[in-house]
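Participant: Residue numbers (the working numbering): 54 to 478.
Rather than coming from a laboratory, the hints here were simulated on the basis of the structure.
Keep in mind that a hint or two might mislead.
[Stated by the list, open to error] Calculated lysine to any residue pairs in the SDA-like style (CA-CA distance at most 25 Å, straight line): (1) 322 to 280; (2) 71 to 169; (3) 66 to 78; (4) 113 to 127; (5) 138 to 152; (6) 71 to 157; (7) 426 to 292; (8) 71 to 167; (9) 66 to 167; (10) 220 to 469; (11) 71 to 152; (12) 210 to 331; (13) 71 to 153; (14) 138 to 112; (15) 138 to 108.
[Claimed, not checked] The calculated label-pair distances, taken between Cβ atoms and stated as ranges, are: (16) 180 to 245: 26 to 32 Å; (17) 321 to 66: 42 to 48 Å; (18) 427 to 472: 53 to 59 Å; (19) 115 to 92: 33 to 39 Å; (20) 296 to 216: 39 to 45 Å; (21) 398 to 170: 15 to 21 Å; (22) 477 to 296: 57 to 63 Å; (23) 216 to 468: 23 to 29 Å; (24) 180 to 468: 28 to 34 Å; (25) 296 to 109: 26 to 32 Å; (26) 423 to 398: 45 to 51 Å; (27) 477 to 349: 48 to 54 Å.
The C-beta atom is built at its ideal place from N, Cα and C for all residues, glycine as well.
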Amino acid sequence: MARVIDPVVLREKPDLVKRSQRMRGEREECVDEAIAADTNRRAAISEFETLRAEQNVCGKQVAAAPREERAALVAKAQELAARVKVASQRASEAEVAFTEAVQRLGNIVIEGVPAGGEDDYVVLREVGDIPSFDFSARDHLALGELLDIIDMERGAKVAGARFTYLKGLGARLELALMSLALDRAIAAGFVPLITPTLVRPDIMRGTGFLGAHTDEIYYLPADDLYLTGTSEVALAGYHANEILDLTDGPLRYAGWSTCYRREAGSHGKDTRGIIRVHQFNKLEMFSYIDPADAEAEHARLLAWQEALLASLGLAYRVIDTAAGDLGSSAARKFDIEAWIPTQNAYRELTSTSNCTSFQARRLNIRQRREGGKTSPVATLNGTLATTRWIVALLETHQRADGTVTVPEPLRSYLGGLDILAPAVR
RNA sequence: GGAGACGUCGCAUAGUCCGGCCGAGUGCACCACCCUGCUAAGGUGGAGACCCCGUAAGGGGUCCAAGGGUUCAAAUCCCUUCGUCUCCGCCA
Numbered sequence: 054m055a056r057v058i059d060p061v062v063l064r065e066k067p068d069l070v071k072r073s074q075r076m077r078g079e080r081e082e083c084v085d086e087a088i089a090a091d092t093n094r095r096a097a098i099s100e101f102e103t104l105r106a107e108q109n110v111c112g113k114q115v116a117a118a119p120r121e122e123r124a125a126l127v128a129k130a131q132e133l134a135a136r137v138k139v140a141s142q143r144a145s146e147a148e149v150a151f152t153e154a155v156q157r158l159g160n161i162v163i164e165g166v167p168a169g170g171e172d173d174y175v176v177l178r179e180v181g182d183i184p185s186f187d188f189s190a191r192d193h194l195a196l197g198e199l200l201d202i203i204d205m206e207r208g209a210k211v212a213g214a215r216f217t218y219l220k221g222l223g224a225r226l227e228l229a230l231m232s233l234a235l236d237r238a239i240a241a242g243f244v245p246l247i248t249p250t251l252v253r254p255d256i257m258r259g260t261g262f263l264g265a266h267t268d269e270i271y272y273l274p275a276d277d278l279y280l281t282g283t284s285e286v287a288l289a290g291y292h293a294n295e296i297l298d299l300t301d302g303p304l305r306y307a308g309w310s311t312c313y314r315r316e317a318g319s320h321g322k323d324t325r326g327i328i329r330v331h332q333f334n335k336l337e338m339f340s341y342i343d344p345a346d347a348e349a350e351h352a353r354l355l356a357w358q359e360a361l362l363a364s365l366g367l368a369y370r371v372i373d374t375a376a377g378d379l380g381s382s383a384a385r386k387f388d389i390e391a392w393i394p395t396q397n398a399y400r401e402l403t404s405t406s407n408c409t410s411f412q413a414r415r416l417n418i419r420q421r422r423e424g425g426k427t428s429p430v431a432t433l434n435g436t437l438a439t440t441r442w443i444v445a446l447l448e449t450h451q452r453a454d455g456t457v458t459v460p461e462p463l464r465s466y467l468g469g470l471d472i473l474a475p476a477v478r
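Model the full assembly from the supplied sequences, consistent with the hints where possible.
Facilitator: Written as structure tokens, this is what we have:
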């Protein structure tokens, strides 16, 4: 059964949970409701178990009794069985009610996370020089079309709005970016994983995506499967219902997959180019770690993201997302936004979340502790590269003639190419 | 898509036909101790997960792929789902 937040914390430190709910701008009363449901549930379980114990004893008596006494004992057992059935039903109803109540609670926000909504983030730092041009800068789509590497028109013809073709050097650029990121991840000790992009409902639910964001997700009714919007889903599900050995350190995976998002709530937003498309590729870092080390790991994920962005010559800022803008699973989230010259704004290129033990509880992922006890692990995730980076790369490194300088780290992945220019034919 | 076999406590298996003495035997692996003076063998004991009550000691409940059903009682009978394997068919 999904527990989501630690029931012991809920019971013993309800104020902590209430404070978290408040910071998220969500209902505080949910906490008391969950506690009441918990009390109710435990009473129902006790009642059922007492009756059940009685029934078990009775059953043994029936089996051991001589024939002539059986009829009477069976009659008694029948009566008992009926009562057990009722108690059992009540107990499972109470269990369901508790699960529902507790699932309405978001993860407990980490101390230091700014309170408030989407606009209440705190900028931790700005890094790199904001590019300036002595010519009129083109946006990424203009550059993409000039270079013949992005084809939105044909994307729309074949699949509809928000679909695209990456062509020629565009296709190679994406692969180069992903490959560079993968090599960095491998160097940092991540195990590469190419993940399923269709998953079952229980996995989707377990990772916390089947809540408020259900209409963001593509669903295939004929097969009862969901298309994943990030490999985080499959990466988190990878060790579902397992007991891990983390004595040699965290388990780190780098998931490479295509991602699918319906973008249901963003009609009219970012309609130009490949900033916001229904299908893109992403390399995702994912860590399973002892909860005590989760915050340190979060800092490491962020550092790896920053190192990659910086090496590609992108100007960016790091923001500490406000509590109200966190997903329900996240206890803290850092976004890195790169400067997009033609938008005169920072736009999100990566995101890294510390889900503490929230996601692991839902997915029943534990570790063996000293003394043989088990406890939930912590999970963290973070973007290491996505298709969207191409937007920042093209715009940042463009030149007056519409060609684009290839940042040094990507060149070896493009056969040594240092300038993206229109193909001659 | 059609036909069939199967899914047991880390691994391998027994048990399922004939429901209760099976929460479950055996081997291997594992842990503790003993014996042995040696990188072996032998002996004794212990090992799972989850939940409830309890300060604790301890007690109780649930779990034989998952979920339902029959029954006083289900690993064992019935149904559904998921998964694995074999054969046939199909296949960008």
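Participant: Taking 25 Å as the top limit, are the C-alpha atoms of residue 71 and residue 167 close enough?
Facilitator: With Cα atoms ~16 Å apart, residue 71 and residue 167 stay inside 25 Å; holds.
Participant: Does the beta carbon distance between residue 477 and residue 296 stay inside 57 to 63 Å, or does it fall outside?
Facilitator: holds, 59 Å
Participant: Does the Cβ pair residue 180, residue 468 satisfy 28 to 34 Å?
Facilitator: Because 30 Å falls inside the window, the suggested range holds.
Participant: Residue 71 and residue 169 were given as a pair; does the straight-line alpha-carbon distance stay at or below 25 Å?
Facilitator: Cα-Cα ~15 Å, so holds.
Participant: Is the hinted pair residue 220 and residue 469 satisfied, with a Cα-Cα distance of at most 25 Å?
Facilitator: holds, 19 Å
Participant: Is the straight-line distance between the alpha-carbon of residue 66 and that of residue 167 25 Å or less?
Facilitator: Distance of about 21 Å is within 25 Å: holds.
Participant: Are residue 427 and residue 472 spaced within 53 to 59 Å by their CB atoms?
Facilitator: Given a distance of about 56 Å, which is inside 53 to 59 Å, the answer is holds.
Participant: Given the hinted pair residue 138 and residue 108, is their Cα-Cα distance within 25 Å?
Facilitator: holds, 11 Å
Participant: Could you grab the alpha-carbon distance between residue 71 and residue 157 and see if it respects the 25 Å cut-off?
Facilitator: holds, 12 Å
Participant: With respect to the beta-carbon atoms only, verify the hint that residue 216 and residue 468 lie 23 to 29 Å apart.
Facilitator: holds, 28 Å
Participant: Is 26 to 32 Å right for how far apart the beta carbons of residue 180 and residue 245 are?
Facilitator: holds, 28 Å
Participant: Is it true that the CA of residue 113 sits at most 25 Å from the CA of residue 127?
Facilitator: holds, 11 Å
Taken one by one, the earlier hints all hold for this structure without exception.
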